[in-house]
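Spelled out, the chains give:
Number of protein chains: 2
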Amino acid sequence: MKQINAEILTIGDEILYGQITDTNSQWMSAELDQLGIKVVRKTTVGDTEEAILTAFEEAESRADIILITGGLGPTNDDLTMPMLARYFDSEIIMNEAVLNHVKDFFERRGRVFTELNKRQALVPKIAQVLHNELGTAPGTWYERNGKVFVSMPGVPHEMKNLMKTHVLPKLQQVFQTPVIYHKLIKTVGIGESFLADKIKVWEDNLPEHVSLAYLPSVGHVKLRLTAVGEDREQLEKDVDLLIKSFLPLGGDYVYGYDNTTLEEAVGDILKKTGKTIAFAESCSGGYVQHKITTIAGSSSYFQGGVVPYHNDHKINLLGVRPETLEEHGAVSGACVKEMAEGVRKLFKADIGASSSGIAGPGGGTSDKPVGTVWIAYADGEKTITKKLQLTQNRELNIKLTEIAVLNLVRKRFTT
Amino acid sequence: MKQINAEILTIGDEILYGQITDTNSQWMSAELDQLGIKVVRKTTVGDTEEAILTAFEEAESRADIILITGGLGPTNDDLTMPMLARYFDSEIIMNEAVLNHVKDFFERRGRVFTELNKRQALVPKIAQVLHNELGTAPGTWYERNGKVFVSMPGVPHEMKNLMKTHVLPKLQQVFQTPVIYHKLIKTVGIGESFLADKIKVWEDNLPEHVSLAYLPSVGHVKLRLTAVGEDREQLEKDVDLLIKSFLPLGGDYVYGYDNTTLEEAVGDILKKTGKTIAFAESCSGGYVQHKITTIAGSSSYFQGGVVPYHNDHKINLLGVRPETLEEHGAVSGACVKEMAEGVRKLFKADIGASSSGIAGPGGGTSDKPVGTVWIAYADGEKTITKKLQLTQNRELNIKLTEIAVLNLVRKRFTT
Numbered sequence: 033m034k035q036i037n038a039e040i041l042t043i044g045d046e047i048l049y050g051q052i053t054d055t056n057s058q059w060m061s062a063e064l065d066q067l068g069i070k071v072v073r074k075t076t077v078g079d080t081e082e083a084i085l086t087a088f089e090e091a092e093s094r095a096d097i098i099l100i101t102g103g104l105g106p107t108n109d110d111l112t113m114p115m116l117a118r119y120f121d122s123e124i125i126m127n128e129a130v131l132n133h134v135k136d137f138f139e140r141r142g143r144v145f146t147e148l149n150k151r152q153a154l155v156p157k158i159a160q161v162l163h164n165e166l167g168t169a170p171g172t173w174y175e176r177n178g179k180v181f182v183s184m185p186g187v188p189h190e191m192k193n194l195m196k197t198h199v200l201p202k203l204q205q206v207f208q209t210p211v212i213y214h215k216l217i218k219t220v221g222i223g224e225s226f227l228a229d230k231i232k233v234w235e236d237n238l239p240e241h242v243s244l245a246y247l248p249s250v251g252h253v254k255l256r257l258t259a260v261g262e263d264r265e266q267l268e269k270d271v272d273l274l275i276k277s278f279l280p281l282g283g284d285y286v287y288g289y290d291n292t293t294l295e296e297a298v299g300d301i302l303k304k305t306g307k308t309i310a311f312a313e314s315c316s317g318g319y320v321q322h323k324i325t326t327i328a329g330s331s332s333y334f335q336g337g338v339v340p341y342h343n344d345h346k347i348n349l350l351g352v353r354p355e356t357l358e359e360h361g362a363v364s365g366a367c368v369k370e371m372a373e374g375v376r377k378l379f380k381a382d383i384g385a386s387s388s389g390i391a392g393p394g395g396g397t398s399d400k401p402v403g404t405v406w407i408a409y410a411d412g413e414k415t416i417t418k419k420l421q422l423t424q425n426r427e428l429n430i431k432l433t434e435i436a437v438l439n440l441v442r443k444r445f446t447t
Numbered sequence: 033m034k035q036i037n038a039e040i041l042t043i044g045d046e047i048l049y050g051q052i053t054d055t056n057s058q059w060m061s062a063e064l065d066q067l068g069i070k071v072v073r074k075t076t077v078g079d080t081e082e083a084i085l086t087a088f089e090e091a092e093s094r095a096d097i098i099l100i101t102g103g104l105g106p107t108n109d110d111l112t113m114p115m116l117a118r119y120f121d122s123e124i125i126m127n128e129a130v131l132n133h134v135k136d137f138f139e140r141r142g143r144v145f146t147e148l149n150k151r152q153a154l155v156p157k158i159a160q161v162l163h164n165e166l167g168t169a170p171g172t173w174y175e176r177n178g179k180v181f182v183s184m185p186g187v188p189h190e191m192k193n194l195m196k197t198h199v200l201p202k203l204q205q206v207f208q209t210p211v212i213y214h215k216l217i218k219t220v221g222i223g224e225s226f227l228a229d230k231i232k233v234w235e236d237n238l239p240e241h242v243s244l245a246y247l248p249s250v251g252h253v254k255l256r257l258t259a260v261g262e263d264r265e266q267l268e269k270d271v272d273l274l275i276k277s278f279l280p281l282g283g284d285y286v287y288g289y290d291n292t293t294l295e296e297a298v299g300d301i302l303k304k305t306g307k308t309i310a311f312a313e314s315c316s317g318g319y320v321q322h323k324i325t326t327i328a329g330s331s332s333y334f335q336g337g338v339v340p341y342h343n344d345h346k347i348n349l350l351g352v353r354p355e356t357l358e359e360h361g362a363v364s365g366a367c368v369k370e371m372a373e374g375v376r377k378l379f380k381a382d383i384g385a386s387s388s389g390i391a392g393p394g395g396g397t398s399d400k401p402v403g404t405v406w407i408a409y410a411d412g413e414k415t416i417t418k419k420l421q422l423t424q425n426r427e428l429n430i431k432l433t434e435i436a437v438l439n440l441v442r443k444r445f446t447t
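Chains A and B supply the protein sequences, listed in that same order.
Each residue of the first sequence is one higher than the one before, counting from 33 in the working numbering.
Each residue of the second sequence is one higher than the one before, counting from 33 in the working numbering.
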């Protein structure tokens, strides 16, 4: 199969001058990559006629597909439409369908529709119009000599919606790209190389049409399975089977698939089992509770918690024994044990979990250097404590502690 | 003065294929803009000889300065150095200073120095080497026919350090750009247009060599003053005077300058006044405590706090009266008042602050729609409550509540 190449062209002074970050082109690259279309260049130019026309020419000389974003506002700075008209030797006309949509869009929002707004409906006659339901500037599509130009607004959610509903399906049709199916397996509690070791035989035996990528991020490793073929249903089945054979090897570390987060996964477990939870966070400073409460509906399993930053409060609120602190210090298995058991009782929850550690940059000793963190889980029957040796970086230590606490809870339900 | 133009060239398949976001070029654009150097194009190409050489040629035809990042690793995929050597018709030599630095770099980290690592010290003979103290790949600088090429590693903190310590000062020298001085004024608690109204006369009377930009972000508005001239000390004085005349107009909303965060500003106030604080967070779910504890040394003023997610705990732990909850509900001025006063006593802190609200997406009523939030401040003498009407978005409501709580504390010390 011939390799299909694309170029992404971003138009706008605000990107050139560093006023906004271009996140569009990364998203577009990744989507095109899923269709087997290779991005060979990304270009950003400013709002000048010459720069835009030169960029069109250069892009057409290199790529089969030219995806353009930006420069579509209704003011005189916005040159993408007139330059496309000139490039394709076409006159500019008022598109009635777009005009009605823009009018309607303003009316529904109670905003005044002005003469200037009308200009959003001016498009090159030669263009195929792609309906932008989320905004006023339409997408437009041009084909000439086997090459495709697409112009889209730069507003990320408008561009993404146009790509998903119009552009990607049309590209798939025109260039007859294969069907691609992705599934993310999300793991926690194991490093990339250890995981790779565990699943080596499985990975080596993946069928030809399925590939695997490791996507590590703070505290997590995602595995992306990509299956390429012609029939989406068949690909889904293939991937499901592969995941079944994966689980006996790496299943202990899997907390979910695709967009599931760890805090959602833990929330789902608690909801399903009808258990409630409370947290006592010292070094993680409330971050576990923050993550838990970002999930809508978390009040059905999250009772609450404390951040007993000073030792007095560990004693008074949670019932940690002064002798424990004297003998072992606050950063110890004995202390987090009593914290987890104490917060469980205080909040009348089924489960208590806790953290205490030296987040840094100061406060380390030779016995307990910066990055030493203890965490605990208690459910009335059993209390489990765990020591972590983390990093020199305070913010990273807070995040890694949060992940470890949630994973400690998760694992009690899977093993 | 002649306009100096720059092009930013990013080299690497991982950027083209959407595996990582390019944040470097935005930062570089903004820095160049501060020197009055205009970025006229940004280009990203993959790791192929032809693409890189063509990009060099095209960039040189358009720009005076070509800033290149990426493609500097020691493996065969990394082509930037050999292509620069070919482009500038220069042989590649082993640079002893770089070699020693790389060896040293590995030794100090206890990592094994291999033959492959030696290749980091191979640079075109014609290049001026820019010492990269934070990494192993050096920066290199080339001048020909009044144009400057600079190659830097793509790792953001290495690139930024090279830019600040070597590249920007050298560009300033070679192209004799004016001195530019920036100061950020950071405000909270007022919207962009209200602030603009308040300071209109001041803004209209800014001297010619000083300009103002509004940089809004979630819950905050930053004002960036940019002064252009020849003498940095004079510019600093000019800007300081302007800030003095700004403060009577907008000073109530200013929490700091440049890189200061709101949580740092509040921490500094508490440290300076010797006051301690505790928080009772319902709808903000621990996020205020998380932000406060990201600051190293916060244990000197942060006693701790609770997240009494269920009403029972508001009663049992904080002493909120059951009648208050019955009469007014948990999302009420009466409830947050008792929460702030209660948490202050519970943690024996000088100040207590609290939140309770409907973060959404569910749980709204016609009386108290999603986004209704109450916050309170108590210091033993006075208790202040405040009602916020926020958004439909849960995560945004949590963040906006956090900012409002910290700002409520801050304002008690400034008014």
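Take the hints with a grain of salt, since some may be wrong.
Which copy is meant is left open, because identical chains are indistinguishable; a pair holds if it fits in one copy or across any two.
Straight-line distance between alpha carbons at most 35 Å, and here's what the computed DSBU-like set of lysine-lysine pairs gives [to be verified]:
{"hint": "1", "residue 1": "Lys431", "residue 2": "Lys135"}
{"hint": "2", "residue 1": "Lys400", "residue 2": "Lys192"}
{"hint": "3", "residue 1": "Lys215", "residue 2": "Lys380"}
{"hint": "4", "residue 1": "Lys135", "residue 2": "Lys400"}
{"hint": "5", "residue 1": "Lys304", "residue 2": "Lys414"}
{"hint": "6", "residue 1": "Lys380", "residue 2": "Lys196"}
{"hint": "7", "residue 1": "Lys419", "residue 2": "Lys380"}
{"hint": "8", "residue 1": "Lys400", "residue 2": "Lys304"}
{"hint": "9", "residue 1": "Lys135", "residue 2": "Lys230"}
{"hint": "10", "residue 1": "Lys150", "residue 2": "Lys254"}
{"hint": "11", "residue 1": "Lys419", "residue 2": "Lys276"}
{"hint": "12", "residue 1": "Lys202", "residue 2": "Lys232"}
{"hint": "13", "residue 1": "Lys157", "residue 2": "Lys232"}
{"hint": "14", "residue 1": "Lys303", "residue 2": "Lys400"}
{"hint": "15", "residue 1": "Lys230", "residue 2": "Lys380"}
{"hint": "16", "residue 1": "Lys202", "residue 2": "Lys400"}
{"hint": "17", "residue 1": "Lys418", "residue 2": "Lys157"}
{"hint": "18", "residue 1": "Lys202", "residue 2": "Lys431"}
{"hint": "19", "residue 1": "Lys230", "residue 2": "Lys70"}
{"hint": "20", "residue 1": "Lys418", "residue 2": "Lys179"}
{"hint": "21", "residue 1": "Lys34", "residue 2": "Lys135"}
{"hint": "22", "residue 1": "Lys414", "residue 2": "Lys179"}
{"hint": "23", "residue 1": "Lys150", "residue 2": "Lys230"}
{"hint": "24", "residue 1": "Lys276", "residue 2": "Lys135"}
{"hint": "25", "residue 1": "Lys196", "residue 2": "Lys419"}
{"hint": "26", "residue 1": "Lys418", "residue 2": "Lys304"}
{"hint": "27", "residue 1": "Lys157", "residue 2": "Lys303"}
{"hint": "28", "residue 1": "Lys135", "residue 2": "Lys232"}
{"hint": "29", "residue 1": "Lys232", "residue 2": "Lys150"}
{"hint": "30", "residue 1": "Lys377", "residue 2": "Lys196"}
Just so you know, these hints were derived from the structure itself, not from any lab.
* **Numbers of the earlier hints that this structure fails to satisfy, in rising order** => 3, 6, 12, 13, 15, 16, 17, 18, 20, 21, 22, 24, 25, 27, 30
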